[in-house]
Amino acid sequence: SFVDRSMALAEDSNAREDFLITDDGVRLRFTEKGAFNAGAGTVVFLHGWGANGRWFDRNAPRLSRELRVLTMDYRGMGESEHARHGFRVSRLAADVNCLLSQLDVQHAVLCGTSLGFTVIMNYLELFGPKRVMGVAFVDQSACMYYKPGWACGAPELSNMAQVAALDAQLQADFPALADGIISAGFGAQPPSDEERSFFKDQILKCDPRALGAIMYHHANLDFRDMLPHLSVPVLNFVGGMTKCHCIEGIEHIGNVVPRGRNLVFEQSGHWLYWEEHERFNRELLDFVKKCYACAED
Numbered sequence: 047s048f049v050d051r052s053m054a055l056a057e058d059s060n061a062r063e064d065f066l067i068t069d070d071g072v073r074l075r076f077t078e079k080g081a082f083n084a085g086a087g088t089v090v091f092l093h094g095w096g097a098n099g100r101w102f103d104r105n106a107p108r109l110s111r112e113l114r115v116l117t118m119d120y121r122g123m124g125e126s127e128h129a130r131h132g133f134r135v136s137r138l139a140a141d142v143n144c145l146l147s148q149l150d151v152q153h154a155v156l157c158g159t160s161l162g163f164t165v166i167m168n169y170l171e172l173f174g175p176k177r178v179m180g181v182a183f184v185d186q187s188a189c190m191y192y193k194p195g196w197a198c199g200a201p202e203l204s205n206m207a208q209v210a211a212l213d214a215q216l217q218a219d220f221p222a223l224a225d226g227i228i229s230a231g232f233g234a235q236p237p238s239d240e241e242r243s244f245f246k247d248q249i250l251k252c253d254p255r256a257l258g259a260i261m262y263h264h265a266n267l268d269f270r271d272m273l274p275h276l277s278v279p280v281l282n283f284v285g286g287m288t289k290c291h292c293i294e295g296i297e298h299i300g301n302v303v304p305r306g307r308n309l310v311f312e313q314s315g316h317w318l319y320w321e322e323h324e325r326f327n328r329e330l331l332d333f334v335k336k337c338y339a340c341a342e343d
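Numbering-wise (my numbering), the sequence shown opens with residue 47 and increments by one.
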């Protein structure tokens, strides 16, 4: 069943939905739950392309019983401002830095789903791991484009021509494309009518111009050279029935980072944290606790 957001917020008297202003003047929505648990750990959820913080409605309420949990909506998505600039992954990473700085988050585990992987990698490259205890990635290839010696990316977004075709669909018939995004998110069990309605309403809150611009940048990024140099612990979630990326390209991440491992959800797809939320919540909570325990040793 769905989590009722108003009830979930009411369970936590310290929960809040608010907005911040970035250093380039854009208004971004964020949520905070379990602030009184900050000493036990903070997890920051960073959503995928065409999504928003509500993709974690099945995760944040449970985790906030023991942790401080933050979500945010990227610029041009969800309830955040439909700005006219800054639609690059590096700017999204700078927005994450604004969130962490303004909320004085000193030690956090960043959990990035899909596009959230490239946001986190950009964040670490630009700002370093000073505020980061560990990272969790969800169902994203290390490099989406196919390149010489690398055919493990995103089969339907493996080159600029395919990205251009996606952009054309976005601008021509965004609602129809939203239906395809939803179908691609699930694995063995297709979405219910209720889930389809919920996700479509949320997807259509996005600015299609922003989505097109971000995808051109996101799909072209290649972090394979950086992964072996990550110093923080990494938990890499893999959808065993993902329709969006080659599994080999996703597992490459956990195979090459120094302090990481892959965790496969055999029956789930790209949105495994929604599909198998109870297992995901247990695994992520255990990972966060281990990251903080290691930092204290």
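Among the hints, a few may not be true.
[Said to hold, decoys possible] Straight line, CA to CA, 27 Å or less: simulated DSSO-like cross-link-like pairs of lysine-lysine:
| hint | residue 1 | residue 2 |
| --- | --- | --- |
| 1 | Lys335 | Lys176 |
| 2 | Lys289 | Lys251 |
| 3 | Lys193 | Lys335 |
| 4 | Lys246 | Lys193 |
| 5 | Lys176 | Lys336 |
[Unchecked claim] Distance ranges between label pairs, derived from CB positions:
| hint | residue 1 | residue 2 | range |
| --- | --- | --- | --- |
| 6 | Ala218 | Arg111 | 43 to 53 Å |
| 7 | Ala218 | Arg305 | 27 to 37 Å |
| 8 | Asp69 | Glu171 | 32 to 42 Å |
| 9 | Ala230 | Asn205 | 10 to 20 Å |
| 10 | Glu112 | Arg305 | 21 to 31 Å |
| 11 | Lys335 | Glu312 | 17 to 27 Å |
| 12 | Asp70 | Glu171 | 10 to 20 Å |
Since the hints were made in silico from the structure, they are not lab data.
For clarity, every value in this text was computed on a predicted model and none was experimentally measured.
For glycine and all other residues, C-beta sits at the position ideal for the given N, C-alpha and C.
Verification of the hints:
The straight-line distance between the Cα atoms of Lys335 and Lys176 is roughly 18 Å, inside the 27 Å bound, and the hint therefore holds. For the suggested pair Lys289 and Lys251, the alpha carbons sit about 23 Å apart, so the restraint of at most 27 Å is met. Between Lys193 and Lys335 the alpha-carbon distance is near 38 Å, which puts this suggested pair outside the 27 Å criterion. Simply put, Lys246 and Lys193 have alpha-carbon atoms about 33 Å apart, too far for the 27 Å limit, and the pair is violated.
This hinted pair checks out: Lys176 and Lys336 have alpha carbons roughly 18 Å apart, not beyond 27 Å. Restraint check, Ala218 to Arg111: a C-beta distance of roughly 44 Å satisfies the suggested window 43 to 53 Å. Evaluation of the 27 to 37 Å hint for Ala218 and Arg305 yields a failure: the beta carbon distance comes to about 45 Å. Remark: the range hint 32 to 42 Å for Asp69 to Glu171 is contradicted by a beta-carbon distance near 18 Å.
Separation of Ala230 from Asn205 is about 18 Å and conforms to the stated range, judged on CB atoms against 10 to 20 Å. The hinted window of 21 to 31 Å between Glu112 and Arg305 holds, with their beta carbons roughly 23 Å apart. Range check, Lys335 to Glu312: about 25 Å between beta-carbon atoms, so the 17 to 27 Å window is met. Our hint of 10 to 20 Å for Asp70 and Glu171 holds, since their Cβ atoms are close to 19 Å apart.
In summary, the numbered hints that this structure violates are 3, 4, 7, 8.
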